[in-house]
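Could you put the whole structure together from the sequences, leaning on the hints where they help?
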Amino acid sequence: MPKPDSLQGSLDLLVLKILSRRPGLHGYAIMTAIQDISRDVLRADEGSIYPALHRMEEAEWIRAKWVTKENKKRARVYELTRAGENQLATEESRWNAVTSAVSRVLRMA
Amino acid sequence: MSWWSRFHHALRGHPVDREIDEEMESHIAEAVERGRDAAEARAAFGSRLRIGEESHEIRVLPWLDSLRADILFGWRQLRKHKVASAAAVLSLGLATGACTAAFRLIDALLLRPMPVAEPERLYAMFTLGYDPGGHLRLGESNEYPQFQTMRAAVKHDADLIAVSYGERIELTYSSDQEIEKAHRQFVSGWMFDSFGLTPAAGRLFTESDDEKPHAHPYAVLSYDYWTRRFGKDPKVVGRRFRMDNDLYQIVGVAPQGFTGTEPGTMTDIFLPTMMYAGVTHDDWGWIRTFVRMKPGRSVKAVRDRLQTVFTAVQSERAKGFVGWPQKRLEKFLHQTVLVLPAGGGISYMRKEYSLPLELLAVLVGLVLLIACANVANLLMGQAAARAREMALRVSIGAGRGGLIQLVLAESAILAVLASVVGALFAWWSAPYVVARINPADDPARLALPVDWRLLGFGLASTVGVTFLFGLFPALRASGTQPVSALKGGEDPHARRRLMHGTIAVQVAFCCLVLFVAGLLVTSFDRLANQPTGFSSERLLAVDTEARPGQTLVFWNQVAEHLRELPGVERVAMAGWPLLSGIGSNGFVSVNGAVVGDRLAYFLNVSPGWLETMKIPLIDGRDLRPDDVYPGAAIVNEAFAKEYFGGANPVGRWFARSGTTRLEVVGLVGNARYRDMREPITPTAYVPYRSDADGRVSHATLLLRTAGGSPLAMAGILRGEVARARPEFRVSNVRTQIDINRSQTVRERLLAMLASFFAVIALLLAGIGLYGVLDYSVLQRRREIGIRFAVGAPPSRIVNVVIREVFAMVACGAVLGSGLGLLAARYVNTLLYGVKPGEPELLVAAAFTMFAIAAAAAIAPVARAVRIEPLVVLKSD
Chain U
1 MPKPDSLQGS
11 LDLLVLKILS
21 RRPGLHGYAI
31 MTAIQDISRD
41 VLRADEGSIY
51 PALHRMEEAE
61 WIRAKWVTKE
71 NKKRARVYEL
81 TRAGENQLAT
91 EESRWNAVTS
101 AVSRVLRMA
Chain Y
1001 MSWWSRFHHA
1011 LRGHPVDREI
1021 DEEMESHIAE
1031 AVERGRDAAE
1041 ARAAFGSRLR
1051 IGEESHEIRV
1061 LPWLDSLRAD
1071 ILFGWRQLRK
1081 HKVASAAAVL
1091 SLGLATGACT
1101 AAFRLIDALL
1111 LRPMPVAEPE
1121 RLYAMFTLGY
1131 DPGGHLRLGE
1141 SNEYPQFQTM
1151 RAAVKHDADL
1161 IAVSYGERIE
1171 LTYSSDQEIE
1181 KAHRQFVSGW
1191 MFDSFGLTPA
1201 AGRLFTESDD
1211 EKPHAHPYAV
1221 LSYDYWTRRF
1231 GKDPKVVGRR
1241 FRMDNDLYQI
1251 VGVAPQGFTG
1261 TEPGTMTDIF
1271 LPTMMYAGVT
1281 HDDWGWIRTF
1291 VRMKPGRSVK
1301 AVRDRLQTVF
1311 TAVQSERAKG
1321 FVGWPQKRLE
1331 KFLHQTVLVL
1341 PAGGGISYMR
1351 KEYSLPLELL
1361 AVLVGLVLLI
1371 ACANVANLLM
1381 GQAAARAREM
1391 ALRVSIGAGR
1401 GGLIQLVLAE
1411 SAILAVLASV
1421 VGALFAWWSA
1431 PYVVARINPA
1441 DDPARLALPV
1451 DWRLLGFGLA
1461 STVGVTFLFG
1471 LFPALRASGT
1481 QPVSALKGGE
1491 DPHARRRLMH
1501 GTIAVQVAFC
1511 CLVLFVAGLL
1521 VTSFDRLANQ
1531 PTGFSSERLL
1541 AVDTEARPGQ
1551 TLVFWNQVAE
1561 HLRELPGVER
1571 VAMAGWPLLS
1581 GIGSNGFVSV
1591 NGAVVGDRLA
1601 YFLNVSPGWL
1611 ETMKIPLIDG
1621 RDLRPDDVYP
1631 GAAIVNEAFA
1641 KEYFGGANPV
1651 GRWFARSGTT
1661 RLEVVGLVGN
1671 ARYRDMREPI
1681 TPTAYVPYRS
1691 DADGRVSHAT
1701 LLLRTAGGSP
1711 LAMAGILRGE
1721 VARARPEFRV
1731 SNVRTQIDIN
1741 RSQTVRERLL
1751 AMLASFFAVI
1761 ALLLAGIGLY
1771 GVLDYSVLQR
1781 RREIGIRFAV
1791 GAPPSRIVNV
1801 VIREVFAMVA
1811 CGAVLGSGLG
1821 LLAARYVNTL
1831 LYGVKPGEPE
1841 LLVAAAFTMF
1851 AIAAAAAIAP
1861 VARAVRIEPL
1871 VVLKSD
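Sequence order for the protein chains is U and Y. In terms of the working numbering, the first sequence has 4 at position 4, counting the first letter as 1, and numbering is strictly consecutive. All you need for the working numbering is the position in the second sequence, starting with 1, plus 1000.
Honestly, the hints are just simulated from the structure, not real lab data. Just so you know, these numbers come straight off a predicted model, no measurement behind them. Treat the hints with care, since some could be wrong.
Listed below are several chain Y residues computed to face chain U (Cβ distance under 8 Å; list not exhaustive) [said to hold, decoys possible]:
| no. | residue |
| --- | --- |
| 1 | Glu1022 |
| 2 | Glu1023 |
| 3 | Ala1029 |
| 4 | Glu1030 |
| 5 | Ala1031 |
Derived pair list, reagent style DMTMM-like, types lysine to aspartate or glutamate, alpha-carbon separation capped at 20 Å [what the hints assert, rightly or not]:
| no. | chain 1 | residue 1 | chain 2 | residue 2 |
| --- | --- | --- | --- | --- |
| 6 | U | Lys72 | Y | Glu1030 |
| 7 | U | Lys72 | Y | Glu1033 |
| 8 | U | Lys73 | Y | Asp1282 |
| 9 | Y | Lys1319 | Y | Glu1358 |
| 10 | Y | Lys1331 | Y | Asp1282 |
| 11 | U | Lys73 | Y | Glu1025 |
Glycine included, C-beta positions come from ideal geometry on N, C-alpha and C.
The structure is reproduced here in structure tokens:
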């Protein structure tokens, strides 16, 4: 069930976009990336990022693999699949359509 | 992720969980590295369990996961109600096991074809005619010379194969001291070829092994006998054994699985038909005739040809008959030849046991239904008790399918456990029953392989049972309306009515099983306790063989020797024991005219036989050593009634089969001669021929012993007979009681099995009734509390609790009695001395049912009466 302060359904889009630019990020890095790039305006907490990642993995938009980092610790990193790239394009254009529609309403009303 | 890995994950939930855990740990480590507080980072995950669950649900196939959970949950539920579950598993197990065992027997005896090539081209020839009692009967026996004529007549369309009846005989491999018994069957030399059989060792017979009478002393062993007796030793080919004073040589071993042509009797040794003395006699009916159709030929044409030849041969034979009444002669000549499919072989046992087995299958099916109804009721009661749980599940979003799956999983576990119990029961019980079909010293043997038919049947019954008893409660449970259930139940009576309906059906089936069992037990009881007319107590029948040429004088010496032994009171001699199934008959004429067309039985006996058998002498005298045959005879009362119009026949003369003249010297009481089921037959006891020609090769010495266990003397008798005269040998020792008992083997077996099923049915019905009453008290405890509170006396409460259920029992009993009357007609031929609609038995069945219902009601009623209104009303 979505929380009131959640990203209003845009989490998938953000994750896909970030992974398209910087493939091979792990969950924590994706989370901090959202926070950093949005200058702390958008926050994805742990409780939503992982279910989202696993859901998208299930939908085969992204794929995961275990890598060993320099400090010998294992991390699960994600990258986009071909289906994920398509999905990103679809989501992006829908987002643009929605936001432009919203701003039009704000301007014209 | 592939479907397989999801499946894998579902079955083994842990690796996925571990992977998710590890990812989270790596996340926290990363956060700490970036300077976040470890505790804070951990807390950010919130309830880790929740994330785990959400992630897990996405990554595995939800259905499989819930199935696993349901099975675990069902298992826990079953373990929670250990007693009820054990009762359910046991009753279902017994019921399915009995079903499978019954199927195993029916398959082995009736359904399975013989392991021969193209069994569908195999037929057998029968003749439809009248037996000596005047009843229409399907005859199986043929005479060998006739067989040869008929074989030649149809040889272009079909091949006829002669096969003797299986019989148990004695043989010796090395010395005369070691006598063994084996089943032998004489078969046409071309049989193996025609059946498409190949030898397991050595060679099989061919047509050239079966050409001239007494010229082919060769034997083929069955695979089973080869294994049992010789441990599959290939060197057995070429060995010799002695049987019937002939020396036979073993030439080969038949293929595995071929056990002869008689289901129920496994042949050990096959011999060529030409080695049997009967091949040259046109009045010895000792073979069955198989008809192997050539491909594409018409069975009807072959039958018509056989009929023509058969009638011609019979007319030729009839010319030699003397003293036959005209009516009988006509019946003899008008016999119809039938050619019927016989791909499964033909046997006496099949004829004797097919109806009983079908009946048992029906009884077993009813018991299975009762068991199913029972478990359905138990589950339904449990489901009712869990109505709140179900409602809760529905209100938090469980779908109808999910609930059905939950309840079905539980019944599937029950079914699997029950089928394990059932398989064990079937594995044990089928051979147990077969072993009890024949007398103890020569049990029937049926091949009972575990094959795909059996496994298929077991599987089908398990799956069927799961759905029969599981689906219904599952559907009911899934229909739960959460609001009303949480408020205290929607229509509490709907479910109870349903359970009551089940009870009525259950009681009806139970009554039916009880009634049929009652019929069979009564029938066995009347048959077994039939007066025989002689005393079987401490009577020993010693079948004795003599080398050729032993006259009566020597037999008397042996009898005299045995008479001297301690523990022997009397010794007499007869052709065979009474009630052994053997009989010799003939027409009786008085004053030169044949009286009636009923045959009389004859038996050769020695003087003193009457006294030994304790058959009362009514008038005249016993036979004396100087009485000769033909000359004197003793007759029974039935004989006097049939042929002398009831007048005292002592001193009068009659003729046997027209020519042999006999004077009645004594009149004795009726004794059963051949068969317990037959009405008392007119019987004449005649002396042995005592002249020089009167050689006796075998007879039965009858010993009245003094001791309690006559069979203990068997060993001594074997030695003493040989010591009296070395030419004599004991071939078999039986007590008369065992002989009598073997007359009722079928009835005993049926009565035993039917009682067993009746007890199971009663038990199941009792458990079912108890469950329903208990549930009903539980459900109505508030109502009962209120009734108590407003002053109802306990008797009123008892009435409230049991009224409906007993009404259902009454309905069921009426229904069951109706079914019983219908069924009784079907089992009529299996009954003896019992009228199918016997009212006492119907009443007894219904009474037993009510008694069980009353017993089942005691505990729930006691619970109802002990209800404390205050406690009950406060509790909700």
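Hints, one by one, checked against the model:
Interface restraint check for glutamate 1022 (chain Y): the shortest CB-CB distance to chain U comes to about 7 Å, inside 8 Å, so the restraint holds. Given the 8 Å rule on beta carbons, the hint for glutamate 1023 (chain Y) holds: about 5 Å separates it from the nearest Cβ of chain U. Taking 8 Å as the C-beta cut-off, the interface hint given for alanine 1029 (chain Y) holds, the closest approach to chain U being about 6 Å. Checking glutamate 1030 (chain Y) against chain U: minimum C-beta separation of about 4 Å stays under 8 Å; hint holds.
Taken as an interface hint, alanine 1031 (chain Y) checks out: its beta carbon lies about 6 Å from the nearest beta carbon of chain U, inside 8 Å. This hinted pair checks out: lysine 72 (chain U) and glutamate 1030 (chain Y) have alpha carbons roughly 12 Å apart, not beyond 20 Å. With a CA separation close to 14 Å, the supplied pair lysine 72 (chain U) and glutamate 1033 (chain Y) stays within the 20 Å bound. A threshold of 20 Å between alpha carbons decides the hint, and for lysine 73 (chain U) with aspartate 1282 (chain Y) the separation of about 101 Å lies outside it, so the pair is violated.
Note on lysine 1319 (chain Y) and glutamate 1358 (chain Y): the hinted pairing is violated, with a Cα-Cα distance of about 44 Å set against a maximum of 20 Å. With a C-alpha separation of about 18 Å, the suggested pair lysine 1331 (chain Y) and aspartate 1282 (chain Y) falls inside the 20 Å cut-off, and the hint holds. Taking the CA atoms of lysine 73 (chain U) and glutamate 1025 (chain Y), the gap is about 10 Å. The hint holds against a cut of 20 Å.
In summary, the structure is inconsistent with hints 8 and 9 from the numbered list given earlier, while agreeing with the others.
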